[in-house]
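The lines below spell out each chain.
There are 2 protein chains.
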Amino acid sequence: MKVNKEFNTVAILIIGNEILSGKTQDTNLNFIATRCNDLGYSLKEVRVVRDDKKQIIKSLRELSKMYNNVFTTGGIGPTHDDITAECVAIAFKRKLVLNKKAHKLLIDHYKNLDIELNESRLKMAKIPTKAKLIKNSVSSAPGFKVKNVWVLAGVPKIMQAMFLEDIEPQLNKGKKIFSKSIKILKPEGDIAEFLSTLQSNYKKIDIGSYPFYTPPNIGTTIIFRGYENKSINNAIKLLCKYLTKAKIQFLE
Amino acid sequence: MKVNKEFNTVAILIIGNEILSGKTQDTNLNFIATRCNDLGYSLKEVRVVRDDKKQIIKSLRELSKMYNNVFTTGGIGPTHDDITAECVAIAFKRKLVLNKKAHKLLIDHYKNLDIELNESRLKMAKIPTKAKLIKNSVSSAPGFKVKNVWVLAGVPKIMQAMFLEDIEPQLNKGKKIFSKSIKILKPEGDIAEFLSTLQSNYKKIDIGSYPFYTPPNIGTTIIFRGYENKSINNAIKLLCKYLTKAKIQFLE
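Protein chains in written order, with the working numbering: chain A, 1 to 252; chain B, 1 to 252.
Okay, chain A solo, but in the shape it has when bound:
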């Protein structure tokens, strides 16, 4: 799959010290990656950075230039370490202002819960100018989109709701990416040469080889991925023929 021919390219920017200190195992990457794959969007790069203004601003600018869509997660809550909105404003030279729609959402939400909409919570309605809000059906405080950057919550449940309910319906479906895999209980060195030749003959698809090593299960998963389903099926046929001849058992 040639990179430069694609237009539905994606990057993710994960913002949060908790991931980098090892306290939290990130799951947002895998969720967005899986959704992008199903939607025909091609995730090209992920960065994880600290709650550090300079680092966030630099990453926002770089990724926004390099890819068609950027999804950020984390840093849009009410506390002092939530600095994503401020960084997005600086990165794209916007002002950070009290967004009327967002303000209304918070007023209604906290009124219903009989909780005070204090100064800290009000911060969640301070959003860069000319941003489009992203709906949060879980806890109201919205995400937002500036240029090609979609700014999402870090809490998985909220991030997932934003993505599934508001973002996906807005994304044009990309060209479908097909993916199939074959599993063998042999080390990848046994089939490396054949796979290399196969990849050379099928340049328009990606053939990936992924060893697994969890004794007694030792083996290799071979993944075929690309826009051309016919090429994938043909390549798989050739591999299966080879495996049969070499007396290597496989699971499709």
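What the hints contain is simulated information worked out from the structure, not anything from laboratory work.
Be aware that a few hints might be false.
The list treats identical chains as one, so a pair stands whether inside a single copy or across any two.
Unchecked claim - List of simulated lysine-lysine pairs, BS3-like, C-alpha gap at most 27 Å:
1. 130 with 176
2. 58 with 147
3. 147 with 23
4. 53 with 65
5. 230 with 100
Given the coordinates of chain A, assemble chain B onto it according to the supplied hints.
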């Protein structure tokens, strides 16, 4: 914690299409992050990139310049999509040659297993010049270090063995990073203002606020992190006093 005063800074470069397609949930980030934290090393950034030469070379050069240590995972196996060694050689202007020590390791390993050391497997002994090998007690094929870049396997079991058995003993212990946390069953908006003041008064430590939202468990974990244990304890005391006064229950 000021960034520029630190010398034990770390970045991770995760190489592999399988993470970006969502097929595989990465666990290497969390493992290395946790070890770095325990060793007093400060993980500043993580990037995940495709099996793409240009992207890998660019990331290697950038991260190697910005941080004291870079750990890469993935792409050092025997198949056509394993291109990390080649990229490291190009990035740091070294030649990729058959490393005698690595060759010997492979000869012995495959002889013991009565498996053919074929041309594909031999690729795992092709390593940039002037590299230092990293021991692999699981499957022999070594990792290696070039400049400040430690090149590790992607299979978690192998990566972990390399890290624990060979790399950790070589790392000078950094200044111990202390970390303590308090959990409350209240949304973070309830304590955001107090935390902000607390952070302003304790600038040498990091105070992080992490909401969790898995009904019926909704609440906030507050994490105190830094080199000064005394400051952490003092800040925690003040928080607990505040929570008691505000009648918010907490778990230390």
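Verification of the hints:
no.: 1; hint: 130 with 176; result: neither (32 Å within a copy, 45 Å between copies)
no.: 2; hint: 58 with 147; result: both (16 Å within a copy, 25 Å between copies)
no.: 3; hint: 147 with 23; result: neither (32 Å within a copy, 29 Å between copies)
no.: 4; hint: 53 with 65; result: both (18 Å within a copy, 20 Å between copies)
no.: 5; hint: 230 with 100; result: neither (51 Å within a copy, 44 Å between copies)
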